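Go ahead and model the full structure; you've got the sequences and the hints to work with.
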Amino acid sequence: MTVTPLGIPRRLLEFTLDGESVRAPEGSTILDACRAAGKDVPTLCEGDTLRPKNACRVCVVEVEGARTLVPACSREAEPGMRVRTGTERARHSRKVVLELLASSVDLSTTPGAARWIKEYEAKPDRFGPDAARVEEEPRIDNELYVRDYGKCILCYKCVDACGDQWQNSFAISVAGRGFDARIAVEHDAALTDSACVYCGNCIEVCPTGALSFKSEFDMRAAGTWNEAAQTGTTTVCAYCGVGCNLTLHVQDNEIVKVTSPHDNPVTHGNLCIKGRFGYQHVQNRD
Amino acid sequence: MDLRFGDSKPTDDERAAVDGLLGPPGSSWEGADRSDADLRWARGGRAARDRRDLLLPGLHAINDRIGWISEGALDYLCRRLTVPPAEAYGVATFYALFSVRPRPATVLHVCTDLACAAAGAGGLCAGAEERLGPGSGVSVQRSPCLGLCERAPAALAVKAGDPVRTAVAAPATVRDAVLAASAPDSAPEEPSAAAAVPQCGDPSLTLLRRVGVVDPASLDDYRAHGGYTALRRAFALGPAGVIREVTDSGLAGRGGAAFPTGRKWQATAAQPDRPHYLVCNADESEPGTFKDRVLMEGDPYALVEAMTVAAYATGAHKGYLYLRGEYPRAQRRLEHALAQARARGFLGEDVLGTGYAFDIEIRRGAGAYICGEETALFNSIEGYRGEPRSKPPFPVEKGLFGKPTVENNVETLVNVLPILTMGAPAYAAIGTGASTGPKLFCVSGSVARPGVYELPFGATLGELLELAGVRAGLRAVLLGGAAGGFVRADELDIPLTFEGTREAGTTLGSGVVMAFDGTVPLPRLLLRIAEFFRDESCGQCVPCRVGTVRQEEALHRIAERSGAAAAGDVALLREVGRTMRDASICGLGQTAWNAVESAIDRLGAYE
Numbered sequence: 001m002t003v004t005p006l007g008i009p010r011r012l013l014e015f016t017l018d019g020e021s022v023r024a025p026e027g028s029t030i031l032d033a034c035r036a037a038g039k040d041v042p043t044l045c046e047g048d049t050l051r052p053k054n055a056c057r058v059c060v061v062e063v064e065g066a067r068t069l070v071p072a073c074s075r076e077a078e079p080g081m082r083v084r085t086g087t088e089r090a091r092h093s094r095k096v097v098l099e100l101l102a103s104s105v106d107l108s109t110t111p112g113a114a115r116w117i118k119e120y121e122a123k124p125d126r127f128g129p130d131a132a133r134v135e136e137e138p139r140i141d142n143e144l145y146v147r148d149y150g151k152c153i154l155c156y157k158c159v160d161a162c163g164d165q166w167q168n169s170f171a172i173s174v175a176g177r178g179f180d181a182r183i184a185v186e187h188d189a190a191l192t193d194s195a196c197v198y199c200g201n202c203i204e205v206c207p208t209g210a211l212s213f214k215s216e217f218d219m220r221a222a223g224t225w226n227e228a229a230q231t232g233t234t235t236v237c238a239y240c241g242v243g244c245n246l247t248l249h250v251q252d253n254e255i256v257k258v259t260s261p262h263d264n265p266v267t268h269g270n271l272c273i274k275g276r277f278g279y280q281h282v283q284n285r286d
Numbered sequence: 001m002d003l004r005f006g007d008s009k010p011t012d013d014e015r016a017a018v019d020g021l022l023g024p025p026g027s028s029w030e031g032a033d034r035s036d037a038d039l040r041w042a043r044g045g046r047a048a049r050d051r052r053d054l055l056l057p058g059l060h061a062i063n064d065r066i067g068w069i070s071e072g073a074l075d076y077l078c079r080r081l082t083v084p085p086a087e088a089y090g091v092a093t094f095y096a097l098f099s100v101r102p103r104p105a106t107v108l109h110v111c112t113d114l115a116c117a118a119a120g121a122g123g124l125c126a127g128a129e130e131r132l133g134p135g136s137g138v139s140v141q142r143s144p145c146l147g148l149c150e151r152a153p154a155a156l157a158v159k160a161g162d163p164v165r166t167a168v169a170a171p172a173t174v175r176d177a178v179l180a181a182s183a184p185d186s187a188p189e190e191p192s193a194a195a196a197v198p199q200c201g202d203p204s205l206t207l208l209r210r211v212g213v214v215d216p217a218s219l220d221d222y223r224a225h226g227g228y229t230a231l232r233r234a235f236a237l238g239p240a241g242v243i244r245e246v247t248d249s250g251l252a253g254r255g256g257a258a259f260p261t262g263r264k265w266q267a268t269a270a271q272p273d274r275p276h277y278l279v280c281n282a283d284e285s286e287p288g289t290f291k292d293r294v295l296m297e298g299d300p301y302a303l304v305e306a307m308t309v310a311a312y313a314t315g316a317h318k319g320y321l322y323l324r325g326e327y328p329r330a331q332r333r334l335e336h337a338l339a340q341a342r343a344r345g346f347l348g349e350d351v352l353g354t355g356y357a358f359d360i361e362i363r364r365g366a367g368a369y370i371c372g373e374e375t376a377l378f379n380s381i382e383g384y385r386g387e388p389r390s391k392p393p394f395p396v397e398k399g400l401f402g403k404p405t406v407e408n409n410v411e412t413l414v415n416v417l418p419i420l421t422m423g424a425p426a427y428a429a430i431g432t433g434a435s436t437g438p439k440l441f442c443v444s445g446s447v448a449r450p451g452v453y454e455l456p457f458g459a460t461l462g463e464l465l466e467l468a469g470v471r472a473g474l475r476a477v478l479l480g481g482a483a484g485g486f487v488r489a490d491e492l493d494i495p496l497t498f499e500g501t502r503e504a505g506t507t508l509g510s511g512v513v514m515a516f517d518g519t520v521p522l523p524r525l526l527l528r529i530a531e532f533f534r535d536e537s538c539g540q541c542v543p544c545r546v547g548t549v550r551q552e553e554a555l556h557r558i559a560e561r562s563g564a565a566a567a568g569d570v571a572l573l574r575e576v577g578r579t580m581r582d583a584s585i586c587g588l589g590q591t592a593w594n595a596v597e598s599a600i601d602r603l604g605a606y607e
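As given, the protein sequences belong to chains A and B, one line each in that order. Quick note: the first sequence uses full-length UniProt numbering, first residue 1, plus one each step. Quick note: the second sequence uses full-length UniProt numbering, first residue 1, plus one each step.
What the hints contain is simulated information worked out from the structure, not anything from laboratory work. Hints are not guaranteed to be accurate.
Partner residues aside, some chain B positions facing chain A, computed with beta carbon under 7 Å [what the hints assert, rightly or not]:
#	residue
1	Pro85
2	Glu87
3	Thr93
4	Val174
5	Phe235
6	Cys541
7	Arg550
8	Thr579
9	Asp582
To spell it out: a stretch of chain B is covered by chain A in this simulated footprint if at least three of its residues, at any positions, have a beta carbon under 8 Å from a beta carbon of chain A; those stretches are [what the hints assert, rightly or not]:
#	region
10	61-68
11	583-589
Derived, one-sided and incomplete: chain B residues facing chain A with beta-carbon distance under 8 Å [to be verified]:
#	residue
12	Pro84
13	Tyr89
14	Gly90
15	Glu463
16	Val542
17	Pro543
18	Val549
19	Leu572
All values derive from a computational prediction rather than experimental measurement. For each residue, glycine too, the CB sits at the ideal point set by N, CA and C.
See below:
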């Protein structure tokens with residue numbers, strides 16, 4: 001029998017979103033309400049399986065009475081709140097945040113970035129050719145996944161997924177400060193010398209492609225990566241009895257990466273090393 | 001939590017430094033030799049993890065003893081505290097006073113911030129670097145404001161060892177700085193705190209009346225000068241009565257945000273969740289600010305008493321004093337004062353025989369301006385990176401260790417004593433209607449008598465500068481520090497009140513009044529401010545992390561330009577600055593562009 005958890009009934013509260021009265025369950029964020037109302041608020045550091053970190057500030061909206069803009073992803077809706085999502089002030093901050101990010105890191109594999117940069121008419125080049133960038137070579141220190149911090153926007157999602165929110169391995173942290181802050185294991189060592197258990201749950205939540213399967217990284221380098229030609233097949237992992245769901249991404253009859261559905265009520269997109277990376281036997285044809 | 005530790009082992013010294021703080025390890029789970037019993041029981045769980053807040057003191061212990069933090073030392077500390085090494089590495093690399101790379105045992109911090117730059121810090125730094133090259137056993141580091149602006153230019157030498165030794169050279173010549181670094185023990189004694197108070201001995205003083213008058217080491221002397229009468233009055237009034245007095249006095253926070261203190265206390269006292277905490281924010285790092293240092297060095301018992309009053313009023317039994325890491329003398333004085341107060345029953349299980357229990361613990365910062373932000377300070381005490389939390393929830397509801405917390409600046413707390421001794425109406429009669437009480441100002445720069453001045457709210461900027469003996473050729477005054485704003489030399493009639501400065505479109509901030517003549521070109525000062533914020537941004541949110549870098553780059557480009565040649569970059573500064581102000585998480589990013597903007601708008605920089 002399938003049991004659908006309904007949770008505790010939540011009161012609805014009423015507030016104003018862009019001049020229209022909306023009702024949202026108590027405890028939902030402004031972003032939840034925006035999405036329910038079909039409004040496109042850009043997000044980068046927000047993750048559907050993680051607590052909001054509100055670090056990127058690209059989702060800011062204007063709340064009447066607030067001195068500063070507020071992050072829609074983390075601010076809970078309050079009764080009577082008057083929220084405006086598309087004001088010049090909010091759009092200006094989103095535009096500049098996109099410019100600051102795109103001028104300092106490589107957003108080429110960040111879904112949505114190109115569209116938002118166009119929509120907000122952001123011009124990352126305006127800071128000149130000498131604008132400081134996060135200069136990092138891709139770190140290829142194991143056979144399973146690659147860390148390319150030249151693409152990292154420091155959203156903290158990998159740290160949260162590795163730490164107390166999901167995996168409890170605490171293998172990575174933010175090290176350094178300010179513009180020099182980077183995601184690192186202890187002593188900035190190689191992954192193989194760290195507490196990493198290669199569950200790949202950090203890759204699952206990475207919004208920029210800074211963390212990627214080695215297979216994807218190699219194919220991108222070779223120019224053979226083609227998402228349009230890939231199929232996704234969701235199946236059940238055969239390794240143990242938990243029954244995690246795997247989505248096998250297949251290109252040219254080869255598994256090229258494995259993800260897991262975030263709406264799975266048991267695993268919420270998390271896997272272990274076997275489910276995430278142990279698929280080679282499937283394609284052994286000898 | 002399944003922690004993995006590397007193979008690096010601590011040296012005997014490193015182990016002794018950590019064990020000196022934590023005691024010897026109890027089992028092999030904490031790093032001792034393995035015994036039979038260890039194979040049968042796993043030690044860990046919540047009890048082990050609950051000591052996470054000792055991580056920062058542990059890092060200090062290693063750094064103080066060795067001068068830097070090695071892999072083996074960090075791993076051993078992590079083992080002792082059940083902290084993941086990656087997280088501890090993230091914490092250790094957050095603070096400017098720590099190094100995870102080998103370096104000489106002695107570090108000479110030479111202040112290159114605004115007041116010192118105007119007083120010749122550039123030459124001092126170059127001279128010290130030349131004399132203390134490789135092989136000298138000293139590493140020279142350019143430092144943000146050391147809080148010694150009244151004696152600019154300043155240098156602070158820290159020589160690792162057992163015990164760690166420090167020496168301050170201010171005002172420093174190259175010779176003084178080199179002597180302090182090479183032989184901290186034989187460096188001349190610092191002048192007394194009274195030297196920083198030009199009004200010293202003036203009977204009309206309230207907050208500064210004991211500085212330079214009492215022996216800062218003597219509890220008896222403190223009591224002979226009116227000490228602990230406020231606490232007795234507090235016990236007579238009861239917690240609600242104290243909060244009523246503080247509310248009626250109109251006291252507003254002196255740390256920069258000017259939040260009504262009585263309201264903060266009331267909101268915390270009313271929280272049902274227990275325990276409540278009191279935190280004193282003594283992480284005075286705003287460039288140009290040194291009033292809290294002078295108070296703590298000159299009248300340490302006043303802060304101890306004031307914290308006791310605040311804790312009693314808000315129902316806290318534990319207070320943390322988060323002290324700036326660059327204030328070794330204030331630390332020594334406060335440690336002594338706490339020990340005396342404890343021994344004499346002014347702190348402890350039964351304060352003054354009333355049955356009320358309260359004690360104070362000092363926690364040292366480690367070189368991070370951001371830790372003066374109230375929630376970043378909580379994270380720092382708890383042993384996490386000093387990154388601000390998003391608000392709401394506010395500290396009065398969920399603060400230190402997730403519990404209701406009152407956090408006040410040193411000067412704010414010390415104001416509570418006269419409120420109780422003279423009564424709220426008499427206190428509220430000082431100053432103006434909206435800004436009550438006396439206010440401390442840190443005057444430095446182009447004046448004959450720099451130092452901490454106490455004036456009732458309402459005096460004008462001109463009156464204050466006259467008192468300090470402003471020199472001829474005044475070009476601009478920076479109010480409120482790097483996060484504050486410049487005003488012109490012809491705006492000296494601005495009243496120094498919260499409302500008066502606001503009306504004039506500037507801010508009182510933490511009470512910084514820095515006078516500039518034309519010695520240092522304005523673009524150089526602005527560039528230094530931008531460098532400061534780039535260095536001190538914690539890096540958590542994009543507008544501040546990247547915005548401060550882009551602003552510094554733009555200011556570099558226009559350092560030698562003006563008019564049309566600078567207009568494009570000025571527009572860029574404005575756009576980025578607006579986003580930093582609107583969209584940053586905390587006050588650092590929100591105010592980082594204030595001073596530069598005021599220089600452009602008020603002083604006509606780059607025109």
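Going through the hints against the structure:
no.	hint	result
1	Pro85	holds, 4 Å
2	Glu87	holds, 5 Å
3	Thr93	holds, 4 Å
4	Val174	violated, 30 Å
5	Phe235	violated, 39 Å
6	Cys541	holds, 5 Å
7	Arg550	holds, 5 Å
8	Thr579	holds, 4 Å
9	Asp582	holds, 5 Å
10	61-68	violated (count 0)
11	583-589	holds (count 3)
12	Pro84	holds, 3 Å
13	Tyr89	holds, 4 Å
14	Gly90	holds, 3 Å
15	Glu463	violated, 31 Å
16	Val542	holds, 5 Å
17	Pro543	holds, 6 Å
18	Val549	holds, 5 Å
19	Leu572	holds, 7 Å
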